[in-house]
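What follows is each chain in one-letter form.
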Amino acid sequence: MSSTRVSSTPVSGCNNDAVLRERGQHEVFCGLTGIVWLHRKMQDAFFLVVGSRTCAHLIQSAAGVMIFAEPRFATAILDERDLAGMADCNDELDRVVGEVLERRPNISTLFLVSSCPSEVIKLDLENAAERLSGRYAGRVRILNYSGSGIETTFTQGEDNCLKAMVPELPAASADAPPNLIVAGTLADVVEDQFHRLFTGLGIDKVDFLPSRRADDLPAIGANTRVLLAQPFLGATARALIGRGARLLAAPYPFGAEGTTGWLAAAAEAWQVDDALFRQVTEAPRHRAQKALAPMRDALAGLTVSFLPDSQLEVPLARFLHAECGMRPIEVGTPYLDRQILAGEMNVLPEGVRLSEGQHVDRQLDRVHVDRPDLTVCGLGLANPLEAAGLRTKWSIELVFSPVHGYEQAADLAELFVRPLIRNERLAV
Amino acid sequence: MQLSLWTYEGPPHVGAMRIATSMRDVHLVLHAPQGDTYADLLFTMIERRDHRPPVTYTTFKERDLGGDTANLVTRALADAAERFKPQVLLAGESCTAELIQDQPGALASGMDLPCPVVPLELPAYSKKENWGAAETFYKMVRGLLTPHAPAPGTQASPMPDTRRPRANVLGPSALGFRCRDDITEIARLLSLIGVDVNLVAPEGASPAELLRIPEADFNICLYPEVAKTTCRWLERTFKQPTVHTVPIGIGAIRDFAREIGELTGLDVSHVVDQTHSRLPWYSRSVDSTYLTGKRVFVFGDATHAIAAARIAVDELGFELVGLGTYSRELARDVRAAAKQYDLDALITDDYLDVERMIEELAPELVLGTQMERHIAKRRGIGCAVISAPFHVQDCPARYSPQVGFEGANVIFDTWVHPLVMGLEEHLLGMFRDDFEFHDDATASHLAAEGETRTDAATTQHAANDAPPWHADAEAELKKIPFFVRGKARRNTEAYARDLALSEITLDTLYEAKAHFSR
Numbered sequence: 000m001s002s003t004r005v006s007s008t009p010v011s012g013c014n015n016d017a018v019l020r021e022r023g024q025h026e027v028f029c030g031l032t033g034i035v036w037l038h039r040k041m042q043d044a045f046f047l048v049v050g051s052r053t054c055a056h057l058i059q060s061a062a063g064v065m066i067f068a069e070p071r072f073a074t075a076i077l078d079e080r081d082l083a084g085m086a087d088c089n090d091e092l093d094r095v096v097g098e099v100l101e102r103r104p105n106i107s108t109l110f111l112v113s114s115c116p117s118e119v120i121k122l123d124l125e126n127a128a129e130r131l132s133g134r135y136a137g138r139v140r141i142l143n144y145s146g147s148g149i150e151t152t153f154t155q156g157e158d159n160c161l162k163a164m165v166p167e168l169p170a171a172s173a174d175a176p177p178n179l180i181v182a183g184t185l186a187d188v189v190e191d192q193f194h195r196l197f198t199g200l201g202i203d204k205v206d207f208l209p210s211r212r213a214d215d216l217p218a219i220g221a222n223t224r225v226l227l228a229q230p231f232l233g234a235t236a237r238a239l240i241g242r243g244a245r246l247l248a249a250p251y252p253f254g255a256e257g258t259t260g261w262l263a264a265a266a267e268a269w270q271v272d273d274a275l276f277r278q279v280t281e282a283p284r285h286r287a288q289k290a291l292a293p294m295r296d297a298l299a300g301l302t303v304s305f306l307p308d309s310q311l312e313v314p315l316a317r318f319l320h321a322e323c324g325m326r327p328i329e330v331g332t333p334y335l336d337r338q339i340l341a342g343e344m345n346v347l348p349e350g351v352r353l354s355e356g357q358h359v360d361r362q363l364d365r366v367h368v369d370r371p372d373l374t375v376c377g378l379g380l381a382n383p384l385e386a387a388g389l390r391t392k393w394s395i396e397l398v399f400s401p402v403h404g405y406e407q408a409a410d411l412a413e414l415f416v417r418p419l420i421r422n423e424r425l426a427v
Numbered sequence: 000m001q002l003s004l005w006t007y008e009g010p011p012h013v014g015a016m017r018i019a020t021s022m023r024d025v026h027l028v029l030h031a032p033q034g035d036t037y038a039d040l041l042f043t044m045i046e047r048r049d050h051r052p053p054v055t056y057t058t059f060k061e062r063d064l065g066g067d068t069a070n071l072v073t074r075a076l077a078d079a080a081e082r083f084k085p086q087v088l089l090a091g092e093s094c095t096a097e098l099i100q101d102q103p104g105a106l107a108s109g110m111d112l113p114c115p116v117v118p119l120e121l122p123a124y125s126k127k128e129n130w131g132a133a134e135t136f137y138k139m140v141r142g143l144l145t146p147h148a149p150a151p152g153t154q155a156s157p158m159p160d161t162r163r164p165r166a167n168v169l170g171p172s173a174l175g176f177r178c179r180d181d182i183t184e185i186a187r188l189l190s191l192i193g194v195d196v197n198l199v200a201p202e203g204a205s206p207a208e209l210l211r212i213p214e215a216d217f218n219i220c221l222y223p224e225v226a227k228t229t230c231r232w233l234e235r236t237f238k239q240p241t242v243h244t245v246p247i248g249i250g251a252i253r254d255f256a257r258e259i260g261e262l263t264g265l266d267v268s269h270v271v272d273q274t275h276s277r278l279p280w281y282s283r284s285v286d287s288t289y290l291t292g293k294r295v296f297v298f299g300d301a302t303h304a305i306a307a308a309r310i311a312v313d314e315l316g317f318e319l320v321g322l323g324t325y326s327r328e329l330a331r332d333v334r335a336a337a338k339q340y341d342l343d344a345l346i347t348d349d350y351l352d353v354e355r356m357i358e359e360l361a362p363e364l365v366l367g368t369q370m371e372r373h374i375a376k377r378r379g380i381g382c383a384v385i386s387a388p389f390h391v392q393d394c395p396a397r398y399s400p401q402v403g404f405e406g407a408n409v410i411f412d413t414w415v416h417p418l419v420m421g422l423e424e425h426l427l428g429m430f431r432d433d434f435e436f437h438d439d440a441t442a443s444h445l446a447a448e449g450e451t452r453t454d455a456a457t458t459q460h461a462a463n464d465a466p467p468w469h470a471d472a473e474a475e476l477k478k479i480p481f482f483v484r485g486k487a488r489r490n491t492e493a494y495a496r497d498l499a500l501s502e503i504t505l506d507t508l509y510e511a512k513a514h515f516s517r
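From first to last, the protein sequence lines stand for chains A and B.
The opening residue of the first sequence carries number 0 in numbering that gives the first Met the number 0; numbering runs sequentially from there.
The opening residue of the second sequence carries number 0 in numbering that gives the first Met the number 0; numbering runs sequentially from there.
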């Protein structure tokens, strides 16, 4: 399973093609995991996975530490009768959806989420979603997306979920005033901060996708501009473009510089006056830089390696390098979308080893040789690496912490500082 | 299709992983799609193990499906054998791989690998985690020991009197409920009885050590979910008797000692007649009087559910109102246990069935799994965890066994904790409208821990076929302490229905109370 076409020696510059591509065991989540944060963002949505006991087990292992009076996700577990064709899968699905809607009468959107088993047996959930949408028309919108491991890695589940919502967006009229869609799940507090900044810039028609209610969908049309808040939304971006919207090229809003670049892309599209832009962004930008200073003191000069997880790796490596003075050794990403990451790859320092895909055993061999000061990795590897004397930052936390924008720049850096401080503090 | 909000067990390959991770020098190659590595977290996070589980996944993706996925398997097998050099290689598949039928077990057997291979068949759409663990353990023991089996017809050798009897403790495994401390506690208990531990397996054992299983005089089947199949095979093949009693709870510990006494001829009276635990005294002390007749519902794996039922009734004086398990393999044992309490056991792996049963019975305490905590929260009922599945907080740092005398101490504290304490309960029954202590407030000894109660029993509507409640009766109902209110509502409605009353009045409420005399 080795197909290392490129040597693993560091490449110079990051915008060239010398990316280490590996195939082997991937130690990553599948896209179903996105449900863990999406169900909290959209409180009126329900996620029904059609899959096996493994899928059910995955989600509850991830989210089941919280105690739910009202679960907002479930699995329709396929059994032998479904596989043998003894039960009509569509009838079965209709029955299960009926049970869900009876139990949760208040939901507005039901996502039928495909899994590896449902994809392999080619159960047509897209069709089923259409059929059921017809049946529950006016009450519940029923959508389908795939969170299967064979097709999606971790955050790609959100990409597929949002992409499935894009056709549902109402069409804006051709002469509608320009509006901005910010795509990617953001913490509520961050959403509010961005809202205030955009308003300050005079951009007052701003919608967030997803918003806090799944049935609250922004209009889209030729005058719509899209800013991606997350780097893993390639498919959503292309779907939005397909509806006539224009994607604004920007870095991702991590850190003071990233946030400024991101806001500037919108400001440029709205032809916001430079003076106004400075006036609105200067104070929060300085605040962010000031708050970052002690973090930079703690991180500057230290080395960091990223193992593939969420596609946040490249922008975060950029942030840690450019704004915190860290030296990335290897930046691994499950999937490298060059179009979406072009701006970020340019900023990575020369000599960084960029890798796409994974052969986890070999990658761990490299980590043990490199011995970075901090390894950003998943929870399946974090404790074993800690036990081997390496400091780690578990990567999933970066997906469910408020890390975007000016006010969170220092919080984001602090996530990387914390394991190092802890190591210094502990006397046991 | 089965609608599953929560699942009690994972798929069978997780059971296979539990065996591989429990043991040393074993490696498992799993044919599985990208993403199934989530299961590593069960071991590295929930159990906080400090090494990666010895599992290699093929992690195939969509683009591989068009090509030669079998080739992926053979390369993963060869790489794993080369890199990890295990004593035994296990080969199995997850649910999705089962659909594409590459048969990794058969492939591995034909590969001339440098170590023995145990092929696993794990039917993911009909079997579950504990079955997978039991099957994997059995296949491995059988594979290793079959060549050493005595000729058929060989008589069991008599128990030697020149040394202390030796026992294997079979069943403790990774992700077993409190297995880590149960291993220590069972060794202590056996030492008290006068028995040496020959081997604990699968937890901590290597394949080479499994070869020492026949050196023991008998086997202790500590977790039948994992070890029963293996113990039966050892009984048949090596004539090793099995001790079936699981020593969780004082009565069970005494039975366990007696069973060993009969088997070995040891005098066990010092274990049976003396108290080595605080539970009996704590339970007899007057502070525990208010526990008498507390209505409790028990659900979990068969081993822990049966043990809990006995402790609840005989050792804490609760009233057992429901008993159930998700362990279908051991359903018969649970049915038999339930019969002793004049109950019909609930045998189901459907969380919604359990929820309905709890709503129906309206108990004051639920002893269950992590899943029952969700139901208890929804219903506002106290709850303690007695069985897997569990989450990270039930893999504690402190010593907290379930088996043995210390296990009984742990159980007393854990089960009584969620109940409202005696004085508070009395005062709640007398004074209804205190601004701080009232029905909708959390029991004050729990409030600091942030536990909350939603009082579903009072807000819930009357059953469809029950007569309507008069306002006075409804108001009076609210004066009954919340933890018995659900039961009072149900009894009153049943009483009114039986008499075909058109309305439930204040009198109906008290007539029903007298009728059911509680």
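Some hints here could point you the wrong way.
Each computed SDA-like pair below joins lysine to any residue, with the alpha-carbon atoms no more than 20 Å apart [unchecked claim]: (1) A:121 to B:64; (2) B:84 to A:82; (3) A:40 to A:214; (4) B:486 to B:289; (5) A:392 to A:422; (6) B:376 to A:68; (7) B:486 to B:514; (8) B:478 to B:429; (9) A:392 to B:47; (10) B:126 to A:68; (11) B:60 to A:335; (12) B:60 to A:40; (13) B:60 to A:392; (14) A:121 to B:1; (15) B:376 to A:65; (16) B:60 to A:120; (17) B:60 to A:360; (18) B:478 to B:514; (19) B:238 to B:197; (20) B:238 to B:160; (21) B:126 to A:360; (22) A:392 to B:45.
Partial list, derived from the structure: chain B residues whose beta carbon lies under 7 Å from chain A [stated by the list, open to error]: (23) 6; (24) 489; (25) 490.
Label pairs and their calculated CB-CB ranges [to be verified]: (26) A:337 to B:64: 24 to 34 Å; (27) B:397 to A:368: 32 to 42 Å; (28) B:214 to A:94: 48 to 58 Å; (29) A:341 to B:49: 38 to 48 Å; (30) B:480 to A:42: 31 to 41 Å; (31) A:94 to B:64: 48 to 58 Å; (32) A:65 to B:271: 56 to 66 Å; (33) B:214 to A:364: 48 to 58 Å; (34) A:80 to B:141: 29 to 39 Å; (35) A:86 to B:497: 16 to 26 Å; (36) A:364 to B:207: 22 to 32 Å.
It is worth saying that the hints were derived from the structure and are not from the lab.
Even glycine gets a Cβ: it sits at the ideal position worked out from N, Cα and C.
Here's how the hints hold up against the structure:
1. A:121 to B:64: The given pair, whose Cα atoms are some 13 Å apart, holds under the 20 Å limit.
2. B:84 to A:82: violated (37 Å)
3. A:40 to A:214: The hint holds at about 12 Å.
4. B:486 to B:289: holds (18 Å)
5. A:392 to A:422: holds (12 Å)
6. B:376 to A:68: holds (6 Å)
7. B:486 to B:514: Roughly 13 Å separates the two Cα atoms, so the pair holds.
8. B:478 to B:429: Since the Cα atoms of residue 478 of chain B and residue 429 of chain B sit roughly 9 Å apart, the hinted pair holds (cutoff 20 Å).
9. A:392 to B:47: Holds: residue 392 of chain A and residue 47 of chain B sit about 16 Å apart, inside 20 Å.
10. B:126 to A:68: Given pair residue 126 of chain B, residue 68 of chain A is violated - Cα atoms ~28 Å apart, limit 20 Å.
11. B:60 to A:335: holds (16 Å)
12. B:60 to A:40: violated (29 Å)
13. B:60 to A:392: Between residue 60 of chain B and residue 392 of chain A the Cα gap is close to 27 Å, so the pair fails against 20 Å, i.e. violated.
14. A:121 to B:1: holds (19 Å)
15. B:376 to A:65: holds (11 Å)
16. B:60 to A:120: holds (15 Å)
17. B:60 to A:360: holds (18 Å)
18. B:478 to B:514: Given pair residue 478 of chain B, residue 514 of chain B holds - Cα atoms ~19 Å apart, limit 20 Å.
19. B:238 to B:197: Holds, because 16 Å separates the two Cα atoms, which is no more than 20 Å.
20. B:238 to B:160: holds (18 Å)
21. B:126 to A:360: Not satisfied, since the Cα-Cα distance of roughly 31 Å exceeds 20 Å.
22. A:392 to B:45: At roughly 17 Å apart (the allowed maximum being 20 Å), residue 45 of chain B and residue 392 of chain A satisfy the hint.
23. 6: This interface hint holds because 4 Å falls under the 7 Å limit.
24. 489: violated (21 Å)
25. 490: violated (25 Å)
26. A:337 to B:64: 24 to 34 Å: holds (25 Å)
27. B:397 to A:368: 32 to 42 Å: Holds, at about 39 Å.
28. B:214 to A:94: 48 to 58 Å: holds (55 Å)
29. A:341 to B:49: 38 to 48 Å: With a Cβ separation near 40 Å, residue 341 of chain A and residue 49 of chain B satisfy 38 to 48 Å, so the hint holds.
30. B:480 to A:42: 31 to 41 Å: holds (33 Å)
31. A:94 to B:64: 48 to 58 Å: For residue 94 of chain A and residue 64 of chain B the Cβ distance comes to about 29 Å; the hint is violated.
32. A:65 to B:271: 56 to 66 Å: violated (44 Å)
33. B:214 to A:364: 48 to 58 Å: Since the Cβ atoms of residue 214 of chain B and residue 364 of chain A sit about 40 Å apart, the hinted range of 48 to 58 Å is violated.
34. A:80 to B:141: 29 to 39 Å: holds (31 Å)
35. A:86 to B:497: 16 to 26 Å: violated (40 Å)
36. A:364 to B:207: 22 to 32 Å: holds (28 Å)
Hints 2, 10, 12, 13, 21, 24, 25, 31, 32, 33, 35, counting from the list given before, are not met by this structure.
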